[in-house]
Amino acid sequence: MQNFDFVKPASVAEAVAALGTSGAQALSGGQTLIGSMKQNLAAPAVLVSLTGIAALKGVSVSGGVMSIGAATPHAEVAKASGFPGLSSLAGGIGDPAVRARGTIGGSLANNDPAACYPSAVLACGATVVTNRREIAADDYFQGMFTTALEDGEIITAVRFPIPERAAYAKFEQPASRFSLTGVFVAKYGAKVRVAVTGASNDGVFRWTDGEDALQASYDPAAVKGLKVSPDGLIADLHGTPAYRANLVAVMTARAVAAS
Amino acid sequence: MKVSLTVNGKPMSGEVEGRTLLSTFLRETLSLTGTHIGCDTSQCGACTVHVDGAQVKSCTVFALDVQGSSVTTIEGMANTDGSLGRIQQAFQDHHGLQCGFCTPGMVMASAALLAVNPTPTEAEVRHHLEGNICRCTGYHNIVKAVMAASDAIPAE
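As they're listed, the protein sequences go chains A and B.
For the first sequence, our numbering begins at -6 and goes up steadily by one.
For the second sequence, our numbering begins at 138 and goes up steadily by one.
Calculated from the structure, these hints are not laboratory results.
All clues stand as given, with none of them false.
Derived lysine-lysine pairs resembling DSS-like cross-links, with alpha carbons at most 27 Å apart:
1) B:LYS139 x A:LYS31
2) A:LYS1 x B:LYS139
3) A:LYS1 x A:LYS31
4) A:LYS184 x A:LYS220
5) A:LYS1 x A:LYS50
6) A:LYS50 x A:LYS72
7) B:LYS147 x A:LYS1
With the sequences and hints as input, model every part of the structure.
Right, dumping it as structure tokens:
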């Protein structure tokens, strides 16, 4: 791994200033970035750790909204009360060591196409809060490893409107525990949103046919037999596009059953 | 840069680079070689230690990022008289190791579980050990050892 200058600011303002230096990169829990740096896929000149900023940590619930500080590790979200569907998702990310370090802000800034959190953010229509603005989930995800974040912009929190019913169902790749296909279903009154991760070359997406079927009848059987096009889905040694297409409906039904 | 930590209850410090991993610092600077490097890609869990009580993979944490923290390694798991600690002894009693390479990580992961859940079910033990890979035992005796080290009442 190439060497770098390590800085650990105590405030968002100091972090933003540090990120203004040439070759600077933000580091959250590092559970993806450090591995990428070992392979020289990332080689920052300056690494700005965000985990020492107290204002970026913690979970709170108020007025039907769960707010999660961007540097809150998955293990804390898993323990939180108020949104069991999201806590269950957080408790299934990686393994206990990954959950102790990895953070929601890091997951969303990286936007791995197989990460778990993006599905919950998109299904809930959550708001990604940064040091500059608030970004709606529908505008935030812009394709594999691509987001609406600009240079020097730091996620500070994520706000989830808590659904009436919700669950995440993941068919996981057993070695990495990333999702081969994962589906988050969120129901708000008559409105249902279904977001799929792990399946598409474009990253997380909404399965609108599934949403329509569940709005007509919120029941696992409602999506049974619904076909998903394999076009644009991921092909790798773990699964073909057709396999993942089938999993979309299967995991949606399981999520509905668990919600 | 200088990093200062409390390791197994004792203050320790040393010079590191930005890129120095916690595992490298423990093994090469402090000579605490009980923490093993298996895969160096955050998958195998052999390098598992506790940082302020939380189970982490020390190959995927920079030493400077845990500045000032309290770290516990496998060297801190024995009893004060040098005899094996409860979890270590259970691994020996239940043949929870063969080559022993993964064992430090398995013991540290198990200790983290039992600290918050002293009476786990077997399923909870298996779920908790998902990030620790053993290529010898097939896991059954590891799970038996953790159950024996717990306060759970054995199933008939």
